[in-house]
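Could you slot chain B onto chain A? The hints should help.
Going line by line, the protein sequences match chains A and B. Numbered as in the numbering used here, the first sequence ends at 326 without a single skipped number. Numbered as in the numbering used here, the second sequence ends at 251 without a single skipped number.
Calculated from the structure, these hints are not laboratory results. Where hints are given, some of them may not hold.
[Unchecked claim] With the C-beta cut set under 8 Å, the calculated list includes, among others, these residues of chain B facing chain A:
#1 T53
#2 L56
#3 P57
#4 Y73
#5 A76
#6 A79
#7 V84
#8 S91
#9 F93
#10 P94
#11 L104
#12 Q107
#13 A108
#14 F114
#15 G120
Positions of the beta carbon are idealized from the N, C-alpha and C atoms, including for glycine.
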Amino acid sequence: MTRKQWFLLLGLGVVAPFVLYPVFVMKMLCFALFACAFNLLLGYTGLLSFGHAAFFGGAAYVAGYAVKSWGVPPEIGILIGLGVGAILGAAVGALAIRRQGIYFAMVTLALAQIVYFVAVKAPFTGGEDGLQGIPRGRLFGIVDLNDTMNMYYFVLAIFLLAFWSIARIIDSPFGQVLKAIRENEARALSLGYDVDRFKLLAFVLSAALAGLAGATKALVFQFASLTDVHWTTSGEVVLMTLLGGVGTLFGPMVGAFTVVALHSELSALGSWVTVIIGATFIVCVLVFRRGIVGELQALAQRHFWGRREANEAELAQIEQGSKSKP
Amino acid sequence: MEEDYILEAKGLVKEFRGFVAVNGVDLKVRRGSIHALIGPNGAGKTTVFNLLTKFLPVTRGQILYQGRDITHYSPARVAQIGIVRSFQISSVFPHLTALENVRLGLQAKAGGSFAFWRSGALLHRFDEAALALLEQVGLREYAKVMAVELPYGRKRALEIATTLAADPELMLLDEPTQGMGTEDVEAITALLKRMAQGRTVLMVEHNLGVVAHLADRITVLQRGTVLAEGTYAEVSSNPEVIAAYLGVAHA
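Just chain A, with the same shape it has in the complex:
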């Protein structure tokens, strides 16, 4: 990711609450983070999880409960969400990575349904009513998060930090191996990469970040509900990621913004929203398979020869480097 892109993102983030309703932008950011976490798994490791709502919603419940009933400060609540996501991710991941393809997806779905069941039945979740009245509290004991703008910039900071982490993971030596596994698992194995351990770590990281998104969402809306752990939420994040562009850094964010915006703009239409979003999805899959950002990137690559020249320049640089060494 370039510095220019970072400043653009930061600038947009700072200005957004003056243009749009801040709570709406916070919702967008929470789902964008959720989709980016999911994309780490689907886009960069090639694993389709159909149970990510368990990490998102599970973390929302536990973090919400910790803040409400134990009175922990919001920043600790958020970290608890991250931890819950990681622990659930380790448990689900350890079982799911033993299977491949559709069976992998089915195992994640089945285990996520167990989490849903717990959320329905457990005494601390509030059952059908959900966990309500989660206090936002004071950040580090100082900043009052009941002020919407304070809350907004807290959420923006979490989002940017998490997004930066994801960009770094994708770029890291570990991320490079994930891409290798996505591209050709048998070959990665034959080179000596212990594929299962890489997949498990990717799963845990993705689940932890999904948990972070869920806990943040619980603080923003001050409640955690069954919708957060429902399988339709797992489906929604798949849709966001594919719509925006799977395997691209910005795609899931754009996809999440689009879906959240559609939900809110079309809310007057009631249950027709689902139909419209479904139709959008079908068009996406049929016509622009790479998603919004994926298609734009492909377009840019076709039309800007500059890219190729940049590559050659880079290559020349490497060559120079290797020659100048003694």
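Below, chain B alone, put in the same frame as chain A:
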């Protein structure tokens, strides 16, 4: 005195639900040699490969590598101790550049790949070695090209470069010239000959011309058992081999 064998398989058996694909194969690969595994279709060559690299579990038998029993190792572990294989179909990482492909081989050898918190800039320390390897297989100017965009013969060359990058002591090549035109076959044969120096190669190969040219020793498989073993001259004059391999009409 015992000869120096890098790999020894004793009485390898692989059964698939009652069907015996490999039935008591003994194989000894001498260190520093090029050893070819040939035989008609369905003889069990690729299955033997999968057993040796642990991509399939062994039903019965034992595999020794450098005197160590590796019969129950995981595939990743087998690669880590120096046995790296290629596959029958070309196996590159399609949507990564040639440079990135080779770098993954170097990275596998170097370790430290779980470091998800570290900067990707670290990977550039492999660039120089990766470019040198690409140079050796004649892909230097394709370094920044996506592997998927390379023509078939070059994909196979890239595959060899990636395998070499992992610095194996024993390379297992599954039909390196399969599906190639004559020119490509010659290029790959020459390349393999150069690359094999200082290493041990076990290869499955259909092209007898390549085998005659490269292999120091040949094992002929038929229906899951060893039919003959020896140099090309010995094997090619064996009437049983001629019958099995070329069909009775040629015998």
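Verification of the hints:
1. T53: holds, 7 Å
2. L56: Not OK, violated: L56 (chain B) not within 8 Å of chain A, min 12 Å.
3. P57: Not OK, violated: P57 (chain B) not within 8 Å of chain A, min 14 Å.
4. Y73: violated, 11 Å
5. A76: holds, 4 Å
6. A79: This hint holds: A79 (chain B) lies near chain A, its Cβ roughly 3 Å from the closest one there, short of 8 Å.
7. V84: This interface hint holds because 6 Å falls under the 8 Å limit.
8. S91: holds, 4 Å
9. F93: holds, 4 Å
10. P94: holds, 6 Å
11. L104: The hint holds - L104 (chain B) has a Cβ within 8 Å of chain A, the shortest such distance being about 5 Å.
12. Q107: For Q107 (chain B), the interface hint holds, since the closest Cβ of chain A sits about 6 Å away, which is under 8 Å.
13. A108: holds, 4 Å
14. F114: holds, 6 Å
15. G120: Since the shortest Cβ distance to chain A is 4 Å, the answer is holds.
In the structure shown, a violation is registered for the earlier hints numbered 2, 3, 4, in ascending order.
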